[in-house]
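Protein chains: 4
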Amino acid sequence: MAGSSFGALFAVHTWGESHGGAVGCVVDGCPAGLTLDLDAVQHELDRRRPGQSKLVSQRKETDEVQVLSGLSREGVTLGTPLLMLVPNKDARPGAYADLADLYRPSHADFTYEAKYGLRALSGGGRASARETVGRVAAGAVARQVLREVFAVEVVAWVDRVEAVAVPEGAVDEAQLSATDVDAHPTRCPHPPTASAMEEAIVAARSDGDSVGGVVRCVARGVPAGWGEPVFDKLEADLGRAMLSLPAVKAFEVGSGFPGTRLRGSTHNDAFVPGPAGPRTRTNHSGGIQGGISNGMPIRLRVGFKPTATIFMAQDTVNRAGEASTISPKGRHDPCVVPRAVPIVEAMAALVLLDHALRHRAATL
Amino acid sequence: MAGSSFGALFAVHTWGESHGGAVGCVVDGCPAGLTLDLDAVQHELDRRRPGQSKLVSQRKETDEVQVLSGLSREGVTLGTPLLMLVPNKDARPGAYADLADLYRPSHADFTYEAKYGLRALSGGGRASARETVGRVAAGAVARQVLREVFAVEVVAWVDRVEAVAVPEGAVDEAQLSATDVDAHPTRCPHPPTASAMEEAIVAARSDGDSVGGVVRCVARGVPAGWGEPVFDKLEADLGRAMLSLPAVKAFEVGSGFPGTRLRGSTHNDAFVPGPAGPRTRTNHSGGIQGGISNGMPIRLRVGFKPTATIFMAQDTVNRAGEASTISPKGRHDPCVVPRAVPIVEAMAALVLLDHALRHRAATL
Amino acid sequence: MAGSSFGALFAVHTWGESHGGAVGCVVDGCPAGLTLDLDAVQHELDRRRPGQSKLVSQRKETDEVQVLSGLSREGVTLGTPLLMLVPNKDARPGAYADLADLYRPSHADFTYEAKYGLRALSGGGRASARETVGRVAAGAVARQVLREVFAVEVVAWVDRVEAVAVPEGAVDEAQLSATDVDAHPTRCPHPPTASAMEEAIVAARSDGDSVGGVVRCVARGVPAGWGEPVFDKLEADLGRAMLSLPAVKAFEVGSGFPGTRLRGSTHNDAFVPGPAGPRTRTNHSGGIQGGISNGMPIRLRVGFKPTATIFMAQDTVNRAGEASTISPKGRHDPCVVPRAVPIVEAMAALVLLDHALRHRAATL
Amino acid sequence: MAGSSFGALFAVHTWGESHGGAVGCVVDGCPAGLTLDLDAVQHELDRRRPGQSKLVSQRKETDEVQVLSGLSREGVTLGTPLLMLVPNKDARPGAYADLADLYRPSHADFTYEAKYGLRALSGGGRASARETVGRVAAGAVARQVLREVFAVEVVAWVDRVEAVAVPEGAVDEAQLSATDVDAHPTRCPHPPTASAMEEAIVAARSDGDSVGGVVRCVARGVPAGWGEPVFDKLEADLGRAMLSLPAVKAFEVGSGFPGTRLRGSTHNDAFVPGPAGPRTRTNHSGGIQGGISNGMPIRLRVGFKPTATIFMAQDTVNRAGEASTISPKGRHDPCVVPRAVPIVEAMAALVLLDHALRHRAATL
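Chains A, B, C and D, in that order, are what the protein sequence lines are.
The opening position of the first sequence corresponds to residue 1 in our numbering, with each subsequent residue numbered one higher.
The opening position of the second sequence corresponds to residue 365 in our numbering, with each subsequent residue numbered one higher.
The opening position of the third sequence corresponds to residue 729 in our numbering, with each subsequent residue numbered one higher.
The opening position of the fourth sequence corresponds to residue 1093 in our numbering, with each subsequent residue numbered one higher.
So that you can see chain A by itself, here it is in the shape it has in the complex:
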């Protein structure tokens, strides 16, 4: 309830500021007896890390995860809470000192101060993208459980940067893997679009400006019957998960906003017999009907605004309420969307595993 917890049965509690001693999470509710692949957890953290390519921030975070509890000597989950910790090696709190008196536009400086009565730590405190380290670590555990116990796979990729979008149907969602996605630094698995996206990002950076975009995500293998019919609808929990990420302003499941322009006769997903029970001919529902999975792939889209930090002079006010101008310096991604891919996957995995466990509890 206190704001940094997520999930009911597979619960995650994140902690840590961007420029404190460390960031991380507690994972409570991981089933016992699983051999945790820590390399896979580290791999997801590496995917999230800045400084991976010329497209993203050059901050040097090595982000080595330590697991201080919940594992046996042999690396088997004990059923008890996992404390996962990543030290902050590259903390440079002084870097923001000259901004301490100004509210950066479209950052959380002003709202944090309104809420807590004090200025957030330089670098953004909990509003920093660094908070997502704990989410990705926890999500990596969830993905392993989903894969090994439930045969569910989650894959996300960059669907659009600024106005550069993957053409409809150009990606084979049934086969796409993280390896395909990671083949290009934009994390767009459609090479011609990826190149154009890269140009858009580089152009924005040259201008000291930034761009936003859209991440698409699919979960394959979710059986029919996961979810809840009212407030905890699967799409509601997925939406909350994604909208809790920094910079997210929009969410769609299935046909999304474009589907609201269709008539019912086009939009309805006709059922057809399938080898393992009913399937639907189309999937405007995005794999969810009435809050509950229907066995088709779960499909969703997440919209990220352009990075708020730009290297141009902007109007703002200072803490005394006087008009001022701000000109940030430092290291920031001109586009967060490629790095958001593993974070979106992590949040999707957390939601799906939690509902998988809830489903087990409810089924006699």
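The hints are simulated quantities; they were obtained by calculation from the structure and are not laboratory data.
From the three backbone atoms N, C-alpha and C, an ideal C-beta is built for every residue, glycine too.
Any given hint could be a false lead.
Covered stretches of chain C, going by a simulated chain A footprint (3 or more residues, C-beta under 8 Å) [stated by the list, open to error]: (1) 755-761; (2) 1078-1092.
Residues from chain D that face chain C, not an exhaustive set, calculated with beta carbons under 10 Å [to be verified]: (3) 1204; (4) 1268; (5) 1272; (6) 1347; (7) 1360; (8) 1389; (9) 1452; (10) 1456.
Distance ranges between label pairs, derived from CB positions [to be verified]: (11) D/1181 x B/646: 37 to 45 Å; (12) D/1181 x B/515: 20 to 28 Å; (13) B/541 x A/118: 36 to 44 Å; (14) B/537 x A/191: 42 to 50 Å; (15) C/1005 x D/1240: 27 to 35 Å.
Position chains B, C and D relative to chain A; hints supplied.
Just chains B, C and D, lined up with the frame of chain A:
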């Protein structure tokens, strides 16, 4: 945790099937000492009710609310749970008997059966729009508390039906009232657009078809500082609230998906001095930065798919898994969007009041 | 979180004041597909009801339960929330009018006013024993699930009234049934003790005074492995459940306070081979070790203070803070302990079923 | 919900096994702007630590707390989660290797294996008293908030060891301080009783045996009005808190079990006028009426069984289910009760602060 509860400090538990004895809710956590305006609660239920105009379903539900607990004889809240109940007077379970063996496309029949191992009650069970009665009743209480204690107003309206949209800027969001919205049966406060929307709805109905659309909502008077910075971001809780409504496939806060096409230099909301503290020149943030309100109006959009019930033959399968055809009959809205307006307002009010109370608890 | 909810996966929300329109509960999380025995639910409510014998209050509550949602026409659970409602037929709010300005000693009048800023409804509002109607109804559902799905039985009985106690070992806890317990109006299954208890209660009533006592409870058939090791220990949740009942001041599991006088060499429960795995030779642990059930019977004791309402003049203060005297009149049990038996059973059942479902969720 | 979390608004999540890398907690919901006295936190951890006197285990744990998040450079709380960590410096997992195949009587070895399907870590895993490090650290923060913001003090002491008890009324509960309590290694503030307790503990240790006892706790300064009237009664939450501690088998509030032997005319707490509102002449209620504080000191007692680890041969079974004998060796307290004093205080503080914040949220 069990799926029909919403809110942490102002908690709502809804219950009731569309064709059972009654529907309603428990509201737990309403502050004591408020004189509850039951007429206002009834008014919101009337706004939600079908059969209000030729545009919507003609089902005759009078939907008279009874409050069986939590109020003193004088109508003052006791601080204890409010049990609010609306009898189902027009239950006709037999009306669906001929469909009992078929899965209606894009309904929850199939997924309910997958989850619960039994066919949902005819009429949709908890998946029916009738479940929203409890939400609207609870939301009406929340709105009173928000208005009287916190001076916050929530107003929603129809922004688009099928492809017919209110022109950008045509509605004065700072002044718009529910009375303005209710002036036209479409609940679109821009008369020329409202007429065109009505035509679109009537045309769909003539074809036995349905249309979807978009509801827009604004909350005015929310002070800076409500919300949480991580998982319980204000936009995340609002998104979850809206995505938990039947037929919702998409959600945007502030600039939404269109904002993801802008560059940061255009998208950033410059701070300017204001009479009561900093304001922003633009409001792409939608009144929320880093999960916390910034004192500007909170703005969001909710996308509703076209009604799944259409009066045309559609392919489906039966419970034996065999291909079949379905041709629904009965009474259904060709467009749920006008009736969704008070429901969107109710959900927004529930989220905002809950965060208002959380804010009080956290502030020393 | 808002105070009237209990349980995580099998969640109960109670509502209702003693002199309002009705009392009851919502049960959310009951598994689908069970044929609910409503007569059994009614039977438990009848056991809880006042006016059953000369030993208890003569208030005429018929307490007929209505289930308004969550059940199919055939009485099968749908998996959706059960709304259970009992009208208040014998409400006499005026009966307390002359006390409205005085704080009854050891009642909740003063503390309710301190918390809510207004005087609780006459009759006690939510502090009344009538609030337990919803608990007993919900508990009766839980008992059916426990019995049919998990083969678990819960039995409670009166162990002591004032100083009159069942001799150690005089009750066969392995065989005792509710029928045995209900054979005497005191609900003590040891006839000579029961007679002495009855005398103690009658003597107190003759004096216009009241007595307290102890209820003992055993749960048979709980398998090893239910519970949690830290905050949600089985004994912690059972203790919370019992201490949430009106008039309870004390709780023991297993050896309880007397066990704290033993040495470890006497207190430790030696393991011995059993037909279905290890058993313990003694059961000082009360069936729980480290918060988790060990397969032995779960044993606990609950201490109830003497009824606060007595028919003697007592010192108090009025709402103006002035010294005064109060002399209650009306109808009240001189001893609540016999009626507490089904309530203790209900609470034990709610805790055990919730942990049974949690266990299912956690076990791969 | 996943078992290692406590509290609604001031939430604590503990983690860590006794022989893993570290133990600790996340505190989520601590108000912003407080200068945290880390020395005071360390002092409470030192009080909890073994090896402080000849009466307790000689294990050398230095237990130095590190705070990795939630604090500004100046030591001021940010309102964000505090990650508190204590490395396990003295882990000797091999010490238990010869017991790995046997279930220690009245330990959690068997139940952990039943729940998780694998043997708990040697040394007890989460069942070890070492888990309480996180509770004490979190409780120390809560105590500071309670003291500075709400002027509430919590003091606990040893009331009985085996059969050696403090005489009724021999301790001045209104003035007692932690310094008084810590003056003797037994943490009994009544010197003659303390000496006798010490003899009892030393005698048990000489025999390779153990003893239990009772801790008493008082909270002074709690205003009238904290708590909830139904499931979250103050005494229910306090009881759950204490019963979640290792080795606790019993809990009493106010008059407890002895009070159940009194008649109402003796037990009722008459109200009398006081300088700051009504007080009660006696305090059998223990400061709580109907689940809500009444402004009098909150009084409770907690019963601890004798330590399960004794250095005598005991019957048990091995993992194959065969009869065997166990003769533990190593380092263990013959009596945990003195070390339990700061832990009881910590749990009381967590409950009270959580209700203090809930009270703020609910009061308009």
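Status of the hints after comparison with the structure:
1. 755-761: Held - the region 755-761 of chain C has 4 residues with a Cβ nearer than 8 Å to chain A, which meets the minimum of three.
2. 1078-1092: n = 7 at 8 Å, threshold three: holds.
3. 1204: Status holds, d = 7 Å.
4. 1268: For residue 1268 of chain D, the interface hint is violated, since the closest Cβ of chain C sits about 22 Å away, which is over 10 Å.
5. 1272: violated, 23 Å
6. 1347: holds, 6 Å
7. 1360: Check passed: Cβ of residue 1360 of chain D comes within 4 Å of chain C, closer than 10 Å.
8. 1389: violated, 15 Å
9. 1452: violated, 12 Å
10. 1456: Since chain C brings a Cβ to about 8 Å from residue 1456 of chain D, closer than 10 Å, the hint holds.
11. D/1181 x B/646: 37 to 45 Å: Check failed, 55 Å falls outside 37 to 45 Å.
12. D/1181 x B/515: 20 to 28 Å: violated, 56 Å
13. B/541 x A/118: 36 to 44 Å: holds, 38 Å
14. B/537 x A/191: 42 to 50 Å: Holds - the Cβ-Cβ distance for residue 537 of chain B and residue 191 of chain A, about 43 Å, lies within 42 to 50 Å.
15. C/1005 x D/1240: 27 to 35 Å: violated, 52 Å
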